[in-house]
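Engineer: Next come the chains, spelled out residue by residue.
Number of protein chains: 2
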Amino acid sequence: MSFKNFLPNRPLTVAVLGATGAVGNELLQLLEERSFPIDQLKLLASERSAGKIKLWNGRNITIHPASPEQFQGVDLVFASAGGSISKKWRNSINAAGAVLIDNSSAFRMDPEVPLVVPEVNPEKALTHQGVIANPNCTTILLTVVLRPLSLLAPIKRVVVSTYQSASGAGAEAMKELKNLTQDVLDGKTSKSKVLPYSLAFNLFLHNSPLAENDYCEEEMKMINETRKIMESPELSLTATCVRVPVLRAHSEAVNIEFVEPIEVRLARKALNDAPGIKIIEDFHANRFPMPVDVAGQDSVAVGRIRQDVSHANCLELWLCGDQIRKGAALNAIQIAELLLPNS
Amino acid sequence: MSFKNFLPNRPLTVAVLGATGAVGNELLQLLEERSFPIDQLKLLASERSAGKIKLWNGRNITIHPASPEQFQGVDLVFASAGGSISKKWRNSINAAGAVLIDNSSAFRMDPEVPLVVPEVNPEKALTHQGVIANPNCTTILLTVVLRPLSLLAPIKRVVVSTYQSASGAGAEAMKELKNLTQDVLDGKTSKSKVLPYSLAFNLFLHNSPLAENDYCEEEMKMINETRKIMESPELSLTATCVRVPVLRAHSEAVNIEFVEPIEVRLARKALNDAPGIKIIEDFHANRFPMPVDVAGQDSVAVGRIRQDVSHANCLELWLCGDQIRKGAALNAIQIAELLLPNS
Numbered sequence: 602m603s604f605k606n607f608l609p610n611r612p613l614t615v616a617v618l619g620a621t622g623a624v625g626n627e628l629l630q631l632l633e634e635r636s637f638p639i640d641q642l643k644l645l646a647s648e649r650s651a652g653k654i655k656l657w658n659g660r661n662i663t664i665h666p667a668s669p670e671q672f673q674g675v676d677l678v679f680a681s682a683g684g685s686i687s688k689k690w691r692n693s694i695n696a697a698g699a700v701l702i703d704n705s706s707a708f709r710m711d712p713e714v715p716l717v718v719p720e721v722n723p724e725k726a727l728t729h730q731g732v733i734a735n736p737n738c739t740t741i742l743l744t745v746v747l748r749p750l751s752l753l754a755p756i757k758r759v760v761v762s763t764y765q766s767a768s769g770a771g772a773e774a775m776k777e778l779k780n781l782t783q784d785v786l787d788g789k790t791s792k793s794k795v796l797p798y799s800l801a802f803n804l805f806l807h808n809s810p811l812a813e814n815d816y817c818e819e820e821m822k823m824i825n826e827t828r829k830i831m832e833s834p835e836l837s838l839t840a841t842c843v844r845v846p847v848l849r850a851h852s853e854a855v856n857i858e859f860v861e862p863i864e865v866r867l868a869r870k871a872l873n874d875a876p877g878i879k880i881i882e883d884f885h886a887n888r889f890p891m892p893v894d895v896a897g898q899d900s901v902a903v904g905r906i907r908q909d910v911s912h913a914n915c916l917e918l919w920l921c922g923d924q925i926r927k928g929a930a931l932n933a934i935q936i937a938e939l940l941l942p943n944s
Numbered sequence: 602m603s604f605k606n607f608l609p610n611r612p613l614t615v616a617v618l619g620a621t622g623a624v625g626n627e628l629l630q631l632l633e634e635r636s637f638p639i640d641q642l643k644l645l646a647s648e649r650s651a652g653k654i655k656l657w658n659g660r661n662i663t664i665h666p667a668s669p670e671q672f673q674g675v676d677l678v679f680a681s682a683g684g685s686i687s688k689k690w691r692n693s694i695n696a697a698g699a700v701l702i703d704n705s706s707a708f709r710m711d712p713e714v715p716l717v718v719p720e721v722n723p724e725k726a727l728t729h730q731g732v733i734a735n736p737n738c739t740t741i742l743l744t745v746v747l748r749p750l751s752l753l754a755p756i757k758r759v760v761v762s763t764y765q766s767a768s769g770a771g772a773e774a775m776k777e778l779k780n781l782t783q784d785v786l787d788g789k790t791s792k793s794k795v796l797p798y799s800l801a802f803n804l805f806l807h808n809s810p811l812a813e814n815d816y817c818e819e820e821m822k823m824i825n826e827t828r829k830i831m832e833s834p835e836l837s838l839t840a841t842c843v844r845v846p847v848l849r850a851h852s853e854a855v856n857i858e859f860v861e862p863i864e865v866r867l868a869r870k871a872l873n874d875a876p877g878i879k880i881i882e883d884f885h886a887n888r889f890p891m892p893v894d895v896a897g898q899d900s901v902a903v904g905r906i907r908q909d910v911s912h913a914n915c916l917e918l919w920l921c922g923d924q925i926r927k928g929a930a931l932n933a934i935q936i937a938e939l940l941l942p943n944s
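Here the protein sequences line up with chains A and B, keeping their order.
Residues in the first sequence are numbered consecutively from 602, following the working numbering.
Residues in the second sequence are numbered consecutively from 602, following the working numbering.
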């Protein structure tokens, strides 16, 4: 079927698929906070969670297992239950006439699916054919920052190292980090179950499957998704993705090579004027973004913007962003807001 | 006075200045473990610790406050009590005929003081004039890895991001990380006193003073000390130094640009054959170095050596090393071992 670009001009029937996960929970909170125009809200999750009741915006809502019938009459589905679930239900969702905003990686590199960061390429949202993909968390944070800089001069190459919190691996990983940390403090040694190794006072290279080129999937997502979102298929980007013992919010050390030297003050101004960015940069107090600054916040925090001493055309900067919020749930809702008539 | 290059060929009188700190404690343990030829061991610390007794190698040794008299008859002093203490006592130490191996940054960039990583430039140790400087921890770990690679082809530029543990800020910072983490787990909010911000499930850019160019001192140490140790004054290097909630052991994501493409297998072989390096690299199991692997270990662990997809002449790799051990105490003792006759 063919889709109208915009959602209907009335309170919507919205389904959240994966309503019990870390991102699902944040989605529900943000839908309420941002007064997203909802008439009916359906919560869908695995059989395991079916029957549970969640309080949302003063209403008690029973969680149902996903089924084709559940999508009947739905206008919009937010999915954050993983790629296989999104693939499984995409046709049912679209057949019911609902638009799918998908937080998984299932459709991100599909050339017919727009991959949208509202601060970067909002116009792409309206080209959808029933599915819009929400990018990977680290990619969202990075592109929000790269976009205004790329307007100063074309970006040639980006070298990124990430500091990714447990939240990126879900609510269970956050719980495990707390439990295993308590064990270490109690002098006990215990093994991780959710993550491959204990994150308690430890860190490790992101454990997503390795590609042929020995980059992990998380790193390849950053590379490929950044190119797609920035519409720069030739952009050179390399990433080292690392999981760190932080509960929530990801950080990134970013080295950006432009085709020519860019003055730091111009870069700072461009970032300061750009949407979705908060500069936290007090050189006098040696105070720059930290994960605790951005947990629960909408903006990507940026600081220590400086001329790279090793390369005339490069700038260095540091960013932090809430992985669950701007890195996932908020970005998905911002995409949906682009589809609202008169948005 | 002029110094003999080698230490006397007999059991030595050794003083440890800063005997109660994290590095001092590790020094004492390593001097015992490595059977360093000691006749008499003197433990020196601040007035606050004077009078305390430490057990070393079966002997009870009383801690004394440093004074010119304490250095009389001493052959070798290991100092790890900070730059101002090292500066204060350097003349007394050398006037007594003792060689100072200094862990502080006080003399590292002094052109008359060799800055030594035994795996990299051991020959420099024997050019000393009474003082040999032990490099900064992150620099030691990095140069151990850069050295064998630089023999494959000249290195043009290095981009590093660090993941530095609390141990780098001393024993008190490690204790604070544990205490503040327990507070977070107990639902309490409490403020840091040792570090400027709480590291509990948090991280921040290294808080050393910022230079004119907006790099912090820790980053400038990496840049300047690496150039001096590698004898590559033109080497381009940029670093982002980050403190992470790990108790012990630093990690580094390193991007290395050579003057020409280098095959990964050749780089891996060079690293594997080099002293002081352990390759931890199981691509099948997605298993690479972690801080917990190297805590208490002598070698720098390296893994995920891969061709940078963004630049034909670049390799990416990941390393972890024990900051207190190879990053400080072990390196200092290895320097001293270079000065032993028939070493």
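Hints are computed from structural coordinates only; laboratory data are not their basis.
Be careful, since some hints might not be right.
Given that identical chains are not distinguished, each listed pair holds provided it fits within a single copy or across any two copies.
Unchecked claim - The calculated EDC-like cross-link candidates involving lysine to aspartate or glutamate, where the alpha carbons are at most 20 Å apart (straight line), are:
1. K789 to E634
2. K879 to E832
3. K870 to D815
4. K655 to E832
5. K689 to E724
6. K776 to D787
7. K789 to D874
8. K779 to E724
9. K870 to E670
10. K789 to E938
11. K757 to E858
12. K794 to E634
13. K655 to D640
14. K688 to D711
15. K779 to E713
Engineer: Give me the numbers of the hints this structure contradicts, sorted from smallest to largest.
Structural biologist: 1, 2, 4, 5, 7, 8, 9, 10, 12, 15
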